[in-house]
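Visitor: Residues per chain, in single letters:
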Amino acid sequence: VRQVALLIARRVAWAVLTLLLVSLVVFLITSLLPGDAAEEALGQGATPETVAALRTQLGLDQPAYLRYWHWLTGMFAGNPGQSLANNMPVGELIAQRLPKSLVLAGLTAAVAVPLALLIGVWSAMYRGSRLDRVLNVMTLSMVAVPEFLVATVGVLILAVKLQWLPALSSPPANADLGQFLRAYALPVLTLCFVIVAQMARMTRAALIDQLGQPYIENAVLKGLRPARVTLRHALPNAIGPIANAVALSLSYLLGGAIIVETIFNYPGIASLMVDAVTSRDMPLLQTCAMIFCTAYLLLVLLADVCAIVSNPRLRT
Amino acid sequence: MVFAAGGCLLPCFGCIAVKRRDVLAALAAGGVLLGSERVHAAAAQPKRGGRIRVASLSSSTADTLDPAKGALSTDYARHYTLYSGLTQYDAQLRPQMALAQTIVSTDNTTWVAKLRAGVQFHDGKSLTALDVVYSLMRHKDASVGSKVKAIADQFKSIRAASTNEVVIELGGANGDLPTLLADSHFVIIKDGTTDFRTAVGTGPYRLKEFIPGVRTVAVRNDNYWKSGRPYLDEIELIGIPDESSRVNALLSGDVQLINAVNPRSIKRIRASMTSEVLETKSGLYTDLIMRQDMAPTRNPDFTMAMKLLLDRELINRALFRGFATVANDHPIAPSNPYFLQGLPQRQFDPDRARFLLKRANLLDIRLPVYATPAAEGSVDMASVLQESAARIGLKLAVNRVPADGYWSNHWMKHPMGFGNTNPRPTCDMLFSLMYKSDAAWNVSGWNNAQFDQLLLAARAETDEARRKQMYGDMQVLIHEHCGVGIPVFISLMDGYDKRLKGMGSIPIGGLMGYSFADHVWWDA
Numbered sequence: 001v002r003q004v005a006l007l008i009a010r011r012v013a014w015a016v017l018t019l020l021l022v023s024l025v026v027f028l029i030t031s032l033l034p035g036d037a038a039e040e041a042l043g044q045g046a047t048p049e050t051v052a053a054l055r056t057q058l059g060l061d062q063p064a065y066l067r068y069w070h071w072l073t074g075m076f077a078g079n080p081g082q083s084l085a086n087n088m089p090v091g092e093l094i095a096q097r098l099p100k101s102l103v104l105a106g107l108t109a110a111v112a113v114p115l116a117l118l119i120g121v122w123s124a125m126y127r128g129s130r131l132d133r134v135l136n137v138m139t140l141s142m143v144a145v146p147e148f149l150v151a152t153v154g155v156l157i158l159a160v161k162l163q164w165l166p167a168l169s170s171p172p173a174n175a176d177l178g179q180f181l182r183a184y185a186l187p188v189l190t191l192c193f194v195i196v197a198q199m200a201r202m203t204r205a206a207l208i209d210q211l212g213q214p215y216i217e218n219a220v221l222k223g224l225r226p227a228r229v230t231l232r233h234a235l236p237n238a239i240g241p242i243a244n245a246v247a248l249s250l251s252y253l254l255g256g257a258i259i260v261e262t263i264f265n266y267p268g269i270a271s272l273m274v275d276a277v278t279s280r281d282m283p284l285l286q287t288c289a290m291i292f293c294t295a296y297l298l299l300v301l302l303a304d305v306c307a308i309v310s311n312p313r314l315r316t
Numbered sequence: 001m002v003f004a005a006g007g008c009l010l011p012c013f014g015c016i017a018v019k020r021r022d023v024l025a026a027l028a029a030g031g032v033l034l035g036s037e038r039v040h041a042a043a044a045q046p047k048r049g050g051r052i053r054v055a056s057l058s059s060s061t062a063d064t065l066d067p068a069k070g071a072l073s074t075d076y077a078r079h080y081t082l083y084s085g086l087t088q089y090d091a092q093l094r095p096q097m098a099l100a101q102t103i104v105s106t107d108n109t110t111w112v113a114k115l116r117a118g119v120q121f122h123d124g125k126s127l128t129a130l131d132v133v134y135s136l137m138r139h140k141d142a143s144v145g146s147k148v149k150a151i152a153d154q155f156k157s158i159r160a161a162s163t164n165e166v167v168i169e170l171g172g173a174n175g176d177l178p179t180l181l182a183d184s185h186f187v188i189i190k191d192g193t194t195d196f197r198t199a200v201g202t203g204p205y206r207l208k209e210f211i212p213g214v215r216t217v218a219v220r221n222d223n224y225w226k227s228g229r230p231y232l233d234e235i236e237l238i239g240i241p242d243e244s245s246r247v248n249a250l251l252s253g254d255v256q257l258i259n260a261v262n263p264r265s266i267k268r269i270r271a272s273m274t275s276e277v278l279e280t281k282s283g284l285y286t287d288l289i290m291r292q293d294m295a296p297t298r299n300p301d302f303t304m305a306m307k308l309l310l311d312r313e314l315i316n317r318a319l320f321r322g323f324a325t326v327a328n329d330h331p332i333a334p335s336n337p338y339f340l341q342g343l344p345q346r347q348f349d350p351d352r353a354r355f356l357l358k359r360a361n362l363l364d365i366r367l368p369v370y371a372t373p374a375a376e377g378s379v380d381m382a383s384v385l386q387e388s389a390a391r392i393g394l395k396l397a398v399n400r401v402p403a404d405g406y407w408s409n410h411w412m413k414h415p416m417g418f419g420n421t422n423p424r425p426t427c428d429m430l431f432s433l434m435y436k437s438d439a440a441w442n443v444s445g446w447n448n449a450q451f452d453q454l455l456l457a458a459r460a461e462t463d464e465a466r467r468k469q470m471y472g473d474m475q476v477l478i479h480e481h482c483g484v485g486i487p488v489f490i491s492l493m494d495g496y497d498k499r500l501k502g503m504g505s506i507p508i509g510g511l512m513g514y515s516f517a518d519h520v521w522w523d524a
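From first to last, the protein sequence lines stand for chains V and Z. In terms of the working numbering, the first sequence has 217 at position 217, counting the first letter as 1, and numbering is strictly consecutive. In terms of the working numbering, the second sequence has 221 at position 221, counting the first letter as 1, and numbering is strictly consecutive.
Isolated chain V (complex conformation) (with noise of 0.2 Å):
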């Protein structure tokens, strides 16, 4: 238990740095970007005139350093701000998107881990066998389609033909279960396509490295059915490299859920991340920022956790 918290405290340090540093890249690298929050909020009716004026009331007329370390005083504060494209506060933006993109994420993952690990679990046990070899071919095609494919035909066939399930993925405020699954159904299934054969994939590489070890063989020399010799002796010293992979998919599920929030029109925070860009939108962009490296740092960490508790052997 030491250990751990010993770990976690200094994960947390680092991560707390890290955030520091990419908050600083980020905020550079948009400055380098081509036009301002003014420039883009006036397109192409911009003046000089108009953009002075609306650079000074935005408080863009001050030089990059102070605005960045008004942002960053702000945030620790627990302030990120005002929006520059609508003047409304960057916390009240995010509130109204975090959850939605946390539910898809948190669905897709409910449906893609158990789904992920079975697939791998399943042929490793049987790896070499014709059920092995179906589900690689699956997975492997499933990892080669992108997923804005996956997607559009989703909709084409079960949204458009068949009418089954909506296009779009806005459930009203109040959707009942059943209006709430239609809604998310093809989401999930999109995101899903992506993830499911990575860590399936992942598990049954890290199971079958472990399947070949010498405790194996003298576990399966000892008469223990091939189940009990995956799950019990196998499976938990695999678990940290899977549960490193589970982390590195799952932390797709916020950013890089972009094309599925396109597609579907679904408010998550991606797509907020993209007008932030688009609009030169500083304290916005900087805020979805460090919510994508903090869930990053969060997921990393706790598959590193995982891995110590399972694993007897790094305990020491």
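To be clear, the hints were calculated from the coordinates, so they are not data collected in a lab. Treat the hints loosely; a few may be bogus.
[Claimed, not checked] Straight-line Cα separation of at most 25 Å, DSS-like style, residue types lysine-lysine; simulated pairs: (1) Z/K114 x Z/K208; (2) Z/K501 x Z/K208; (3) Z/K208 x Z/K190; (4) Z/K208 x Z/K125; (5) V/K161 x Z/K498; (6) Z/K208 x V/K100; (7) Z/K413 x Z/K468; (8) Z/K208 x Z/K140; (9) V/K161 x Z/K267.
This structure is a prediction, so every number in the text was calculated from the model and none was measured.
With chain V fixed as given, assemble chain Z onto it according to the hints.
Guide: Only chain Z this time, still in chain V's reference frame:
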């Protein structure tokens, strides 16, 4: 000039939209030839109730409830849904009285607007002259960030003469003022409004929910100043930037009205039986800009050669599948009442172009053309132009640049590049904004004293025939000398569920000039 309130024009939009084929079919089905009015009455009896979802092509966190900041189609539609203006456009883009009962002037410089009586904002406050003064004058304040500051700058002073009378003093004569005031940026808000987290207007629907980049939900305003209107219970506005997703959403029944349908999708929509496409011939154009203040495009022979190299028929056929109108290198569309009849159409003429380039000694240069997805069709137009140029030995390089930041970084900044201009309600606005020598968006850096003189004279001209003559002369000047090539006017394509009735064309934009909310009803 006097514009009086009239209600008869608007309910007729339904019949304008109906294609002739459909009318004939309806007549045949009836077995007798009825008078057109009776057909109209039988087909179009507005009903109350229903809820629709409308998807336009843009939505982001920059969505706004502030009319002054409206930038894109979803914004305009949202503003016309929640607010009303002093006037509104009809199908010919003529001004019809809305919140104003009359707008009168004797000299086109001092205008008196008398407000309609008994109009209330959504919160119950009565409309007064002070609201109008505030709504119009705020556009002149640069810190408001208004998109129409350039137009509002001609308001010299606006004051309330009484509670329901507003006197608008212009810096110079402009006979188009009633038309300008129908623009979505000039809708009326409450005096002193600075917080646009909610919207309190006098429009046909009141705001129920607004989340920028996600949705706007509006419910019927039972206290609307047009009796009997609006018809729907609720409208939800969303943005679906991806065209095929937008069309799919229409076909699957998730939305009932969409704009910006690609000509490629029209067959699919028409095949569906449940949905239909509405073409609105408009003044929208994508133009090839040849800067007149940069080499080598300032050379008149070069400019003319490029205009001759635009294969308009091919662009119309291949890029827009015929859902465009061939243009003649000036910005006035044939549907405009001031369109100059009889100006010979410029034809695709590579031989003459080659001759001109040779004469100017510019055939051997290499020149980049800037194109972008931000200017509709420009990337393909650039390729077509490149092909035609290559055939006569001129090497053009197509520089495709991202839509993001195009207007501030590339537009008007290179010797040759593409731009895009939305339909404007009046010749004067179009010419003043984009063609006058000192205009901020004089895209080609064109400088023609005769043109400027005509423009100012036309504003003050009260004789309609002479005004038309002046606008005709100006079209010729642009056609001959200006540094823009305009290959086609692009039609605006809307897709809608057939149960949605009352749809028509108001050629200022798609979605019935963004003001569908005032006109449509649901027939389920």
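Visitor: For each hint, tell me whether it holds in the structure or not.
Guide: Results for each hint:
1. Z/K114 x Z/K208: violated, 31 Å
2. Z/K501 x Z/K208: holds, 24 Å
3. Z/K208 x Z/K190: holds, 18 Å
4. Z/K208 x Z/K125: This hinted pair holds, its Cα atoms lying about 18 Å apart.
5. V/K161 x Z/K498: holds, 18 Å
6. Z/K208 x V/K100: Holds - the C-alpha atoms of V/K100 and Z/K208 are around 20 Å apart, at most 25 Å.
7. Z/K413 x Z/K468: violated, 33 Å
8. Z/K208 x Z/K140: Violated: Z/K208 and Z/K140 sit about 30 Å apart, past 25 Å.
9. V/K161 x Z/K267: Status holds; Cα separation ~15 Å.
Of the numbered hints listed earlier, those contradicted by the structure are 1, 7 and 8.
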